[in-house]
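> Take these sequences, add in the hints, and give me the full structure.
Just so you know, the sequences run in chain order A and B. Under the numbering used here, think of the first position of the first sequence as 1, with each following residue one higher. Under the numbering used here, think of the first position of the second sequence as 1001, with each following residue one higher.
Do not take every clue at face value.
Rough simulated footprint, nothing fancy, chain B against chain A, three-plus residues with beta-carbon under 8 angstroms [to be verified]: (1) 16 to 23; (2) 26 to 40; (3) 47 to 55; (4) 60 to 67; (5) 70 to 81.
Some chain B residues close to chain A (C-beta under 10 angstroms, calculated; not the full set) [claimed, not checked]: (6) Val1004; (7) Leu1005; (8) Ala1060; (9) Gly1075; (10) Gln1111; (11) Val1113.
Hints were generated in silico from the structure; no laboratory data involved. Predicted model, so just to flag it, every value in this text is computed and none were measured. Ideal Cβ positions, reconstructed from N, Cα and C, are used throughout, including at glycine.
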Amino acid sequence: MEIAVAVAAVLLSTAAAGTLYRLAKGPSLLDRVVATDVLLAIVAAALAVEMAYHGHLNNLILMVIVSLVGFIGSVTVARFATQTAEHGR
Amino acid sequence: MSAVLDTVLDAAAAVCLVVGALMSLAAAIGLVRFPDLLTRMHAGTKPQVFGLLLMLTAVALENRDPVMVPLIALGWIFQLLTVPVSAHMVGRSTYRTKHLNRTTLTQDDLQAVLNRAAENATGKGAGNAAENATGDVTGKGAGKATGSAMGDAAGNAAADTSAPSADGRRADGQQTDGSTGTR
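Written out as structure tokens, the structure reads:
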């Protein structure tokens, strides 16, 4: 179990690094929105790893809140991006 | 609980954790390497649905309390409900702001529908302009004259008000849900 958690931590860290690269570089606003969504999914995955390792469920509400924040954020930015598209990216 | 079952459940949870983390890594690699926004969206959905399912399965296997399983499932179903909506919004926004790579697109069903809708709108608008002089004031150009089609035959009225122009944008003063209210 310890090995699995260590491997998962390394994989999630690498994934977060790649996502942050796209978040910083992403040519358009919507690229950054997608990257933010993936980053929140990685955060939720890290919370789940912590819960599985210690065998508690304290983070479950936090995971739901993280997904809710990601949903509201991406929908809002996508809605906003349609109306300001004429003024460049 | 026997020691063997304990070990087996532990191993299953460990496999779920590693595969779920691999989903996140696959999404990150896809985000970095894929050429345009629609393909990146495709890659980004993996950890949000399947990766989260694996992670929550691992949590349930480690927790071993059947009472908490509905709560864990609720978290996953909630994600399952919100992810398609946000992906739809981002995809629609992508299509309208033209952030997609046309050369990698093999099929575009939406463009055919939009062209047909725009043809319908211009046909109705031209027929209406003769008897309805105010049509040109509200509609800006022939392609966006859907606002003038309001006085048309009752059978087609609902379809006319929601007809977008050729580039996927609605006519001015028109809401995305088809109503003509203010913004």
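> Would you mind marking each hint as holding or not holding in the structure?
Cross-check of the supplied hints:
no.: 1; hint: 16 to 23; result: holds (count 6)
no.: 2; hint: 26 to 40; result: holds (count 8)
no.: 3; hint: 47 to 55; result: holds (count 6)
no.: 4; hint: 60 to 67; result: holds (count 4)
no.: 5; hint: 70 to 81; result: holds (count 7)
no.: 6; hint: Val1004; result: violated, 16 angstroms
no.: 7; hint: Leu1005; result: violated, 15 angstroms
no.: 8; hint: Ala1060; result: holds, 9 angstroms
no.: 9; hint: Gly1075; result: holds, 5 angstroms
no.: 10; hint: Gln1111; result: violated, 17 angstroms
no.: 11; hint: Val1113; result: violated, 18 angstroms
Going through the hint list in order, the structure does not satisfy hints 6, 7, 10 and 11.
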